[in-house]
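Novice: Residues per chain, in single letters:
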Amino acid sequence: MRGLWRKIRQVGRVAEPAPSPPAGGRVGPAVELAGSVQVRHVDAGSCNGCEVEIGSAFGPVYDAERYGARLVASPRHADALLVTGPVTRNMQRALRRTYEAVPAPKVVVAVGDCARNCGVFAGAYGVAGAVADVVPVDLDVPGCPPRPEAIVEALRTLTDR
Amino acid sequence: MSVAGAVSALLQIALVAVGSPLLVGVMRQIRARLEGRAGAGVLQPWRDLRKLARKQPITPRGTSEVFRTAPLLMLATTVAVVAVAPFVTIAAVPDAGTDLFVVVALLTLGAAALALAGLDTGTAFGGMGASREITILALVEPTLLVAIFALSVPVGSTNLADIVTSILHDPSRAITPANLLAGVALGLAVVAETGRLPVDNPSTHLELTMVHEAMVLEYAGPDLALVELASAMRLSVFLGLWATLFAPWGIAADAGVGALALGTLVFTVKVTALGAALAAGEVFLAKLRLFRVPELLAGSFVLALLAVVASFFFG
Amino acid sequence: MNIVATAIVGTMVVAVATATAALLVPRPARSAVVGVGTALCGAAGMAAGIAALAGQVWSAAVAGLLPLAGVVLTVDTLSGVFLSVIGAVGIAVGIYGIGYARHGLDGRWVQAMEPLFVAAMLLVPAAGSVGTFLVCWELMALTSLLLVLAEHSHRAEVASAARWYAVMTHLGFVAILIGLLVLTGHADNDSFPALRVAASTLSPTTAGLVFALTLIGFASKAGILPLHAWLPRAHPEAPSHVSALMSAAMVTLGVYGIVRVGLDLLGGGAQWWWLLVLALGAVSAVYGILQAAVGTDLKRLLAYSTTENMGLVLIGVGAGGLFAAAGNTLLAGLALTAALLHVINHAAFKTLLFLAAGSVLHATGSRDLDSLGGLRPLMPGTTAAFGLGALAGSALPLGPAFVSEWLLLQALVHGLAAGGVATAVMMPIAVATVALTAGLAVATFVKAFGVGFLARPRSEQAANARESPPTMLAGMGVAGVACVVLALTPVLVLPAVGGASGRVFGTTDPVSAGLLTVRLQGFAGSLAPLLVAVTVVAATMAVAVLARLFAARHRTRVSARLWDCGAGPLSARMEYTATSFAEPLQRVFDDVVRPEHDVDITHYRESRYLVNEVSYRLRVPDRVEHRLYRPVLAGVRAWGRAGPRLANGSVHLYLGYGFAVVCGALILLVVTR
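Residue numbers (this note's numbering), protein chains in the order written: chain Z, 13 to 173; chain Y, 80 to 394; chain L, 403 to 1075.
Simulated from the structure, these hints should not be mistaken for lab results. Here the structure is a predicted model, which means the values were calculated and not measured. Here a beta-carbon is modelled for each residue, glycine too, at the ideal position from N, C-alpha and C. Just to be clear, a hint being listed does not mean it is correct.
[What the hints assert, rightly or not] Interface residues of chain Y toward chain Z, partial, derived using beta-carbon atoms under 10 Å:
#, residue
1, Ala-83
2, Trp-125
3, Lys-134
4, Pro-233
5, Val-362
Chain Z extracted, bound-state conformation:
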């Protein structure tokens, strides 16, 4: 326990200073969400590269929680779905049901190139389509995988903080 305390004192703050807030003010869903967004991540068939970046975005270095975003376990508790990967045939119905379980107002964020347009998996036999083919998408985060700063910026447009 003393070792851990000493480490805490030595390391201090790990979170990088916040970049400038996104321009545009409070528009769209951010009006109703008013600085608080609960996020539920759905892996619709990704290679887990985007998951690593999302994990990093919510880690101590980028600390997406300081902008009001929090990961939750149940879609009933969530406002936003963070969907990664192309939608495989097995996950099509599950993604649709997860979207329906979220109470209004809801937002879908497609993270990564695979979620936007199937990326490198376009045309594969197990892929049913991009996320926009299954559920309505409100926000895109391009990249393969997208940098954590990009994911954080997308979340900041939702919370406007």
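Position chains Y and L relative to chain Z; hints supplied.
Specialist: Using the frame of chain Z, we list chains Y and L on its own:
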């Protein structure tokens, strides 16, 4: 009920209702800073509640009124306890007294209502959360009641107001062996009842490690806001009860404006300090395996029993 | 005019008349006639009890009715408590039985036994001499035995359960008989006043022997460990309204016996008597609720809950005796008040629970919680009744049992320094026992209500349930109203009960109850059950109104599919069952509960590596039965097997026995000269 009593009760209810999400915010902020993060700010739980209240309410198909009314009942029992406990002033205690057994039983009623709601969903996670929560509840009861027994022996009464006045009149009562042992036992019991580490992790996403969260996976929108507010208020109430029993200095004796202001300030400081200590401690603890929790609770029970023995022999 | 006398005589007359009518009336009208008759019996008994509590005592001696001793009836305030309880239960059960007994239970003799059982139970507290007491006790046992056997042609377990019940109740009867006869041997006649006089001349050993023997019999009747084994067998197998009568009314007569013989006739006695009663009560309370918490048979769970509650009552009685032995009569009165109030409250909620369980059994044909569920939309009345009973049974505020448990805890807490070291050691243990029992009771009733009635049906039978007929709902309603009234306004019964317990110890009412507040006399402590209930209800409504205010107006509530993690539809197999709900508790208390697992693996014929079927059985047997009864039964069986060898028909052996006994007797006479 006198006017002073009603005013004090309303003041306490307002204080705890407004302050408990702030307490949760402070605790999360302390954890964040100790973990090297920046944290969302102390007001974030209030932002969450405000947003949840505006969301669409959902009733899952197959549930009954038990699911709808459990959050109301949980919040109502907590409010009932806050209204009659001497947190800020002793004037809030009604003529009939605030019996500690009644307080513990009311808080148990609220928790049992939520467990029933978990079973009402009919999902495996709901049942699992209810089962674990009820087991912990059943095993914490002996510690709570025996510790209350230990505290009541020197005073001759289980009325919370009597215990508070007796310590205020004779401060040396606060450091008797019985009081210290009961304090540690009740501290462990508070950790178990409020679902904090090492008994339960309130911020876990893994359903198989959940106890309290698993029961509320099905709640959405305003219902979830009620559940979160009720949990935060329960945390404040338990910490407030601990502070009132073991450090009652600062509690007003009447309902004068100056006394009430001082009492409010002191109560806020005490509960915030306890919450901060709990949050800081959580950084160094890992969650216990569920089947180790009874050993922890058995240990706290033994301490409570020793407290009774000490109160009998050392007065 | 003496109301008590009229009411008691009236009860007997109505009971006999109803029994005769049951034998004569044709089948369609039989259950209605018997139901109304039983309810009238109960009402008369309750009137007698209330009149006795109000102060009217009555005594009568009828010389010719029984050979040798005659019948002596004496009703005082202590009898009054039990008369009112039994009478009230009889009313609810009678009304319920009209609808319940209509299918399959309206045989002539079964129906005739019902009013006779209630009448026999009402006579036991009214008995004023040993002969009358024993005859009425035996009548009660016989009529209840015949009622337990009512469904023996439907299930095989009924006969086994009835055998256990018959043997144990008669062994208890023999113990009570010997004990009371030892006491009567020292008295002029067998009436209670003479026994009181004789008790003061007894040596401590003899008094202890009398108490121990009668304790064995009465504790067995009350379902106290270790002689409780008949209770979880007989109560589930009896028809549900009979189970209610047995659990709510008959077992309390065991408590009556202990209080009457120990505290009244023997005048208090030594400290070790009441330490024993307290210890037995504590062990029964914990063991009973533990078995209920891990049980899945709904009626067996309720039967074990009866053991638990009678254990709590005996904790109160034992504490009362302890305090009285130490000289603190006010505190003793408080403890006994708590015990008697718990008897009353238990009768109310146990009746409600058993009647609701009977309703479920009637509708679904199943007692197994693991196959019930989803009954809320199909049987709303029964669900509400069981919910109220479950709230009451878990001793939470807004339930009646909370008031009596609070009184019991107050008596124990204030009694820490009331006796010597023994009391000081037992009080924290007793408080810890009451606390653990309360916690496990919450677990048990959340399980029973949540798994049995909420969520979705787990079997075809549960899915096809329909609400019960109105007479059954009316019976449950009577019990439910009693629960609510006792929870909110205990002032209706507390002065009478307090007075009765005070009189047992020769002191005043230890509790002063007003409409709002219940206060302890001579000690600091007060409780306001009505205020607590009003506060909680008002807070709930205020929270609901505020929640509606702060919600978004343009968002209406929708009904959505359960969150099932996006996969296929949730089947009933995915719901938590009673076994899974209780699994953590079963693991914590594994040493006490020791469940038995049976795993049966069937392999394919072709290869032992391929599994065809796995069958798994989990059973929670009664551990006390295994440890204590098995050796005794094995010994009896061994003795039975020795019989043919000892009496094998050889004349030489018999002549040898005769010779040996004559020689032994002559030697004995020479030696003891």
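Novice: Each of the hints needs a verdict: does it hold here or not?
Specialist: Against the structure, the hints come out as follows:
1. A hinted interface residue such as Ala-83/Y counts as satisfied when its beta carbon comes closer than 10 Å to some beta carbon of chain Z; here the least separation is about 38 Å, so the hint is violated.
2. Here the hint on Trp-125/Y is kept, as its CB sits about 9 Å from the closest CB of chain Z, short of 10 Å.
3. The closest approach between the C-beta of Lys-134/Y and any C-beta of chain Z is roughly 5 Å, which is under the 10 Å cut-off, so the hint is satisfied.
4. Checking Pro-233/Y against chain Z by beta carbon gives a least distance of about 35 Å; that is not within 10 Å, so the hint is violated.
5. Interface hint at Val-362/Y: satisfied, since its Cβ lies 8 Å from the closest Cβ of chain Z, which is below the 10 Å cut-off.
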